[in-house]
Every structure is written in structure tokens, then in C-alpha cells.
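We have chain A; now place chain B onto it with these hints.
So the protein sequences, as listed, match chains A and B.
Its first residue numbered 0, the first sequence is counted upward by one per residue in numbering that gives the first Met the number 0.
Its first residue numbered 0, the second sequence is counted upward by one per residue in numbering that gives the first Met the number 0.
Pairwise CB distance ranges (calculated):
no., chain 1, residue 1, chain 2, residue 2, range
1, A, T44, B, Q9, 39 to 49 Å
2, A, D110, B, D21, 44 to 54 Å
3, A, A155, B, Q9, 44 to 54 Å
4, B, L19, A, P22, 32 to 42 Å
5, A, Q82, B, R6, 52 to 62 Å
6, A, A210, B, P72, 19 to 29 Å
By construction, these hints were calculated from the structure, which means they are not laboratory data.
Ideal placement from N, C-alpha and C gives every residue a C-beta, glycine not left out.
Chain by chain, the residues run as shown.
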Amino acid sequence: MNQPASSDPLLTGLLARIASHRPGADGQLITRAYQAAAHWHQGQTRMSGDAYLTHPVAVAAILAELDPDDQMLCAALLHDTVQYSGYTLAAMRQDFGAEIAGLVAAVMAVDGIAAEQVHAIGTDIAAALVGDRRALVIKLADRLHNTRTIRHLPRARQLDKSRQTRDVMVPLARTLGMDSIGAELESRAAATLSGRPGGTASGQLLAVAAAVLPPGARDRWRAEWLAELHYLPTRRERIMFAAQIVLGIGRLAAMLYQPAAAIRRAFGVVLAAAAVASGLVVGGWRAAIAVSAAILAVLAAVLWVLRCDDRTRRLAELIRAVRGHR
Amino acid sequence: MKRKPPRMTQATKMVLRAMLADPVADYYGLQLIKATTLPSGTLYPIMARLEQAGWVTSDWEDSVAHITEGRPPRRYYRFTDDGAEQASDALAGADRPAQRRRLDFGMPWPDLPGMSP
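The following block holds chain A by itself, in its conformation from the complex:
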């Protein structure tokens, strides 16, 4: 594929994926469409907080595996530009030709088809309504990406979208013969419609665990753990993963807060305050020393526990060994 050199990782990643499925694709044309999309979506963000451009790129990347032609890939990149910016279909026709502009118009028109119509009239007429069967394929790729990222929408909109996915998009996918996409749309829509609001239990556990960490580290660790959740197929594995992290969060927090220094400082302050206070209250230096010694003992025990990784395990082994030896 003729790929112009680029340092934009999003573009190079997309072109690489397209090239691996369609080596004969027109890289120059696709790059132009990417740059137009990047221009018209500049400054816009998705509900997830990512740059909006990641969505048309994702749609084009999903489409890459569905045997698309160059026009479909460009239309995928441009499919939201007219709706969300000052770009017009007329200008797009100037820049990219009538076929691509027509495809984008058709994709925009698919939203207008209601559920009853799809059931009643079938795919061919639906395609005729929007002017191009290819637009239905692009729309399905668009819906698939939105469904995979639906968790960023407010709950009410999640439910609305999922119903529409179930009632319109899934039958559409089946009649087009796109079975794996239809199956994924169906299972994701069903999961959203039956799910609890407020996020998953494991996600909530991880958010709570991360809240214990120092402010600078919270976002990194929570994001890392939430990403790993996607690779745990069963609910039980996800809960175990999250619960174990909650149990170990004390040790991670201890490491990140660098407590040895902080505890020494805190210890010094507490010791001085306690000595002065007890001296004042009881009226003697003996009381001050006794209180200081008690605090010293408590802090030493806390430090010993915090710094031990498997000291307790070795202690347990030692006890077992001693009992066994007897």
C-alpha cells in the first residue's frame, strides 16, 4: 500500500491495520480523509474523554476486516464530520468526490430508519432508502464501536441505544450476513439492558482501592487495573482480581507513600507532643517517658508489619517446622 510517511501513531496504526487486510488500498486517499477528519474533529472529545478522532479511526479499523473498498474506508473516517462540524456535504463532494460524499450522506440517513421498517421491508429496500448498501455496513461498524464504549454514556442513553441496537441493528446485521458482528451487538446490548446501574462490582472495588493511594498515583493504578479487567473472562475472576488488590492495597500504599520517612517525621512530632502533654497532665517527666516508650513500641510494630513481605509466612513455616520436629 502506498503509505506516505507520518509520525502520527493513530494514522500509522490505522494504515498498518488496513494494509494487513487490503495491501492494495489507496494509502494516499485514506490519509487525506484522515487528515480532513482530524481537522474537522479538532478539539472535540468522546464521552470517554478521548479525542473524538479515535472514533472514526476505530470505525475504519473495524471496517478493515469486512472487505471494504477505499470509498467505504474514507466514508468511515468522515462519517461524523458533517453532523458535528461546519463541514458540508457539498464541500466534501469537492474534496473527495461524489461517491464518498454520497456514502457519508447515506450513513447519516440510516439513523432515520425505524425498527418496524427494517422488519417489514428488509435489507434491500433499507439499502435503497439510504441509497447504498455499503452504508449499512459502515453504520454497523459505527454501532459496534459505540456499543463497545457505551459504558461512558449516562445510564438512560445506554438503555435507549441498547434497545435500538437490539431492535434495528442486530436484525440488520443478520440479514446482511454479518453474523459475528450481529452476535457481538446482541450480547453487548443484552448485557447493558440487564446490567446494574453504577458500574460493575469489581470496577467499584478497584476505584475504592485506588482511592487509598497517593493522589499522583491513583489514576495510573486504577486505569491499569480497569484495563486488565477486560482480559478476565468470568465475573468470578474479575471479582477475585479486584478483591485481592483491595487486600494488598495497604502494602502498595505503604510503598508509594514512602512511609519510613513520613513515619519517622510523624513519630517525632507525636512523641514530642505526647511528652509535653503527659508532662503537663501528670506533672512529671516519668509519665512523659512512659508514654513516649509506648508510642515507640506501637510504631515499631507497625513498621515491622508494613515492611514484611513474607516474614509472617516464614514465621508460620518456622512454627510449623518446630512443631513438626517435636
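Okay, now just chain B, sitting in the frame of chain A:
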């Protein structure tokens, strides 16, 4: 940041051995959890400790795949330039058989059956 070497606990050694299987590869947290069978609550403090010691570095994955799949990017770990060497040196030293093993509270104790290194 102080770069003192990480404490060579049993769990830490398991993680280092798993990573030394391919010292130049990237490892995700879940991969190491599966390879070592450690629980997640044990693994991540160890990775934080290895990062603090400068043996291991971590970064977000950089690919179109996570964008397409609508999932967040994962974090992967890999050895730093001399991290792998330091790790294998430390493993070699820690596995050195001891004539008499001293417990941390300082008392000499002869080898007892059932005590692992």
C-alpha cells in the same frame, strides 16, 4: 529517588524469574499473575518496588487495537537497560545455599526440615 535494590522476597524472586524467561519482552500484569500464580494484591506492590529500584520500567500500550475494541490501554512492564542483569545477579546471590540460615531477629538457627529458602 533512592535506588536501593529491592528486597529479595520469595514472591519477588518468582516475578523476576518469570520476567527473565524473556528479558526483552513486555509483560502485562495479568501475564505475570498467571505465570507466577501470585495473587494480584501481591504482584502490584512488587512491580512498584521493582520500578522504584530502577530495574523495571512500565508504560501504556500504544496501538490502534485498544481503540477499536473500545477498551482502555493496558500497562506493560519491561526490564530497564541493566535491570535484567541486576535481577539475574540478585537471583544467583539469593539462591546461594546457606550453611546456617539466620532469621531476621538475629538468632542463628540450624536447617530444619520444611524450611524453604
